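Asks: Here is what each chain is made of, one letter per residue.
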Amino acid sequence: MLNIRTIFRREMQSYFNSPMAYIFLVIFAVVSGYFFTNTFFLFGQSDLRVLFDIIPLVYLFFIPAVSMGLIARENNIGTMETISTLPLNTYEFVLGKFLAGFCLILLGLAATSIHFFTLVSVGTNVDFGAIFSGYLGLALMGATFTAIGTYASSVTENQVVAFIIGVFLVLVFYMLDKTLVFVPHSIAGMVQLLAVDYHLSNISRGVIDSRNLIYFFSMIGFFIFLTIKTLEVRRWK
Amino acid sequence: MIKVTDLSKNYGSVEAVRSISFEIKDGEIVGFLGANGAGKTTTLKMMTGYLVPTTGSIEVNEMNIMNDTHEIQKQIGYLPELNPLYSEMRVYEYLEFLAGIRKITGRAFKDALARIVEQCGLQGVVHKNISDCSKGYKQRIGLAAAMIHDPKILILDEPVTGLDPNQIVEIRGLIKSLGKEKLVFMSSHILQEIQATVDRIIIINKGEIVANGTSDELMSNFKGNVLLNMEIKGASSESVEHIQAKLPSVKFISMNETNTVQQVQFEYGKDQDPREDLFSYAVDNNWSILKMNPHTTNLEDIFRDLTTEGGGNA
Chain H
264 MLNIRTIFRR EMQSYFNSPM AYIFLVIFAV VSGYFFTNTF FLFGQSDLRV LFDIIPLVYL
324 FFIPAVSMGL IARENNIGTM ETISTLPLNT YEFVLGKFLA GFCLILLGLA ATSIHFFTLV
384 SVGTNVDFGA IFSGYLGLAL MGATFTAIGT YASSVTENQV VAFIIGVFLV LVFYMLDKTL
444 VFVPHSIAGM VQLLAVDYHL SNISRGVIDS RNLIYFFSMI GFFIFLTIKT LEVRRWK
Chain U
25 MIKVTDLSKN YGSVEAVRSI SFEIKDGEIV GFLGANGAGK TTTLKMMTGY LVPTTGSIEV
85 NEMNIMNDTH EIQKQIGYLP ELNPLYSEMR VYEYLEFLAG IRKITGRAFK DALARIVEQC
145 GLQGVVHKNI SDCSKGYKQR IGLAAAMIHD PKILILDEPV TGLDPNQIVE IRGLIKSLGK
205 EKLVFMSSHI LQEIQATVDR IIIINKGEIV ANGTSDELMS NFKGNVLLNM EIKGASSESV
265 EHIQAKLPSV KFISMNETNT VQQVQFEYGK DQDPREDLFS YAVDNNWSIL KMNPHTTNLE
325 DIFRDLTTEG GGNA
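Residue numbers (our numbering), protein chains in the order written: chain H, 264 to 500; chain U, 25 to 338.
For the record, the hints were derived by calculation from the structure and aren't laboratory data. It is possible that some hints are incorrect.
What the hints assert, rightly or not - Chain H stretches covered by chain U per the calculated footprint, using a threshold of three residues with CB under 8 Å from any CB of chain U:
| # | stretch |
| --- | --- |
| 1 | 271-279 |
| 2 | 323-332 |
Said to hold, decoys possible - Calculated pairs, DSS-like style, for lysine-lysine (alpha carbon to alpha carbon, straight line, at most 30 Å):
| # | chain 1 | residue 1 | chain 2 | residue 2 |
| --- | --- | --- | --- | --- |
| 3 | U | K162 | U | K152 |
| 4 | U | K200 | H | K500 |
| 5 | U | K127 | H | K492 |
| 6 | U | K176 | H | K500 |
| 7 | U | K134 | H | K500 |
| 8 | U | K230 | U | K206 |
| 9 | U | K98 | H | K492 |
| 10 | U | K27 | U | K134 |
| 11 | U | K49 | U | K98 |
| 12 | U | K230 | U | K134 |
| 13 | U | K206 | U | K162 |
| 14 | U | K315 | U | K270 |
| 15 | U | K230 | U | K27 |
| 16 | U | K257 | U | K230 |
| 17 | U | K127 | U | K27 |
| 18 | U | K204 | U | K176 |
| 19 | U | K230 | U | K270 |
| 20 | H | K500 | U | K152 |
Claimed, not checked - A few chain U residues that don't get close to chain H, going by computed Cβ distances all over 10 Å:
| # | residue |
| --- | --- |
| 21 | E95 |
| 22 | Q97 |
| 23 | P108 |
| 24 | E112 |
| 25 | Y116 |
| 26 | D174 |
| 27 | R196 |
| 28 | E232 |
From a predicted model like this one, the values you see are computed outputs, not experimental measurements. We put the beta carbon where it would ideally sit given N, CA and C, even for glycine.
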């Protein structure tokens, strides 16, 4: 546990010692804020649905960008060799990295809370439950995409390649339920179950179903497991 | 103590290390010498647990690297070949990070930092960004990182590569002082460096160990010939070129003449010393000897002999 914290702290330091984190947070806030406020006063509805619709689209590119360097950079500059010769378990290293990336996403999400306070101050009959579940869904989706991005970052030492792989994988899981019309009926149900948007929309509606939670946690666990195995296999090559 | 037994590593069909065995005792500084691509770095990577051997075993203080990887890694300090560092971190932040992984925190870290800053001469840069440090300082930071936990064993991969002569002398002094109480295993392809620093030398060529011993032992085992450079006056080319007829142990190599002085090169076996006979031969043939300079074997000759095609006489 202590090692996870040490890796997490170093990664957060690395984010905030460079312009990376600041650029990410500002752009995330500006993009989501722009799309939200654009229609918020037109519709006159006391909810954050527009925000919750736009953030997954922002995630598609932002999360692979945040996570692309998590492991690829270590491979690229050679610090992976130093890390691998420390008394440190691979899972501690991967979890520390994943949590740092996820924490940055949560900070970005927290920055959008300004829209929540705007809503509370000008709106009426605010459905706090739906807003809470909406944020929960976005957090879970963020964690899932970060796990996918962390995995993408582990398979290469080139950050640009990691970004492209990350965007591709994230898009696949995001687009799955949009392709259902092209999928044979017999497997459509299964494909839908794998689609991240399907589970997010359930939670966003305010229904916190254990099946959706299990999906998100399974996805996170699966991609973290893949990352750990990818790193461990390298020792044997 | 480190004991390596029948260690091999294959990268696909390429055999990088082929069944090597050696031992290093506590308090020894051992140099690992080899040409680029000989298998030095691969061996060190296996010894530090970064790579898994294809076959063979590595035991450190009677623990096996496959079963007790972390226990061994706690006892080892490792400086990788290219000395990778997190350039965006400050020096003390980097050392604090590594110390944190090794469970050295709070007061213990402050003490370790003070010791390592003193030992590696980092006083001027400890609060600087690593990216702002010179190459010499970066190398010291790498060494400090390897030693922050005061390990019993130091494994250094090319610790002086890229440093200027003054920095090399400083790092060499540091390694020698560390070697008084630690086991130090350092690789290099810089022969002078190894000769000046280590107690024992292991030479690896194409993945196999071709020599293992002190530099004196290697030289005494070396079966190469001695080249004798002479400057003579009044020698006929016939008497020089046919010297072997009179002195069978001396072989003529070359002869040049400038301003009536002949530069002659002879060769003789390392176990023979025909210089007295050669002197008598010179007197008989009315040569005036101006200079007689045998080229003694050095580590460079041994290294070249062992690591080039057709070598391997030691």
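Asks: If a hint holds in the structure, say so; if it doesn't, say that too.
Replies: Status of each hint after checking the structure:
no., hint, result
1, 271-279, "holds (count 4)"
2, 323-332, "violated (count 0)"
3, U:K162 x U:K152, "holds (11 Å)"
4, U:K200 x H:K500, "violated (35 Å)"
5, U:K127 x H:K492, "holds (25 Å)"
6, U:K176 x H:K500, "holds (29 Å)"
7, U:K134 x H:K500, "violated (39 Å)"
8, U:K230 x U:K206, "holds (29 Å)"
9, U:K98 x H:K492, "holds (23 Å)"
10, U:K27 x U:K134, "violated (34 Å)"
11, U:K49 x U:K98, "holds (18 Å)"
12, U:K230 x U:K134, "violated (44 Å)"
13, U:K206 x U:K162, "holds (22 Å)"
14, U:K315 x U:K270, "holds (21 Å)"
15, U:K230 x U:K27, "holds (21 Å)"
16, U:K257 x U:K230, "violated (47 Å)"
17, U:K127 x U:K27, "holds (27 Å)"
18, U:K204 x U:K176, "holds (11 Å)"
19, U:K230 x U:K270, "violated (42 Å)"
20, H:K500 x U:K152, "violated (37 Å)"
21, E95, "violated (8 Å)"
22, Q97, "violated (4 Å)"
23, P108, "violated (3 Å)"
24, E112, "violated (5 Å)"
25, Y116, "holds (12 Å)"
26, D174, "holds (14 Å)"
27, R196, "holds (23 Å)"
28, E232, "holds (22 Å)"
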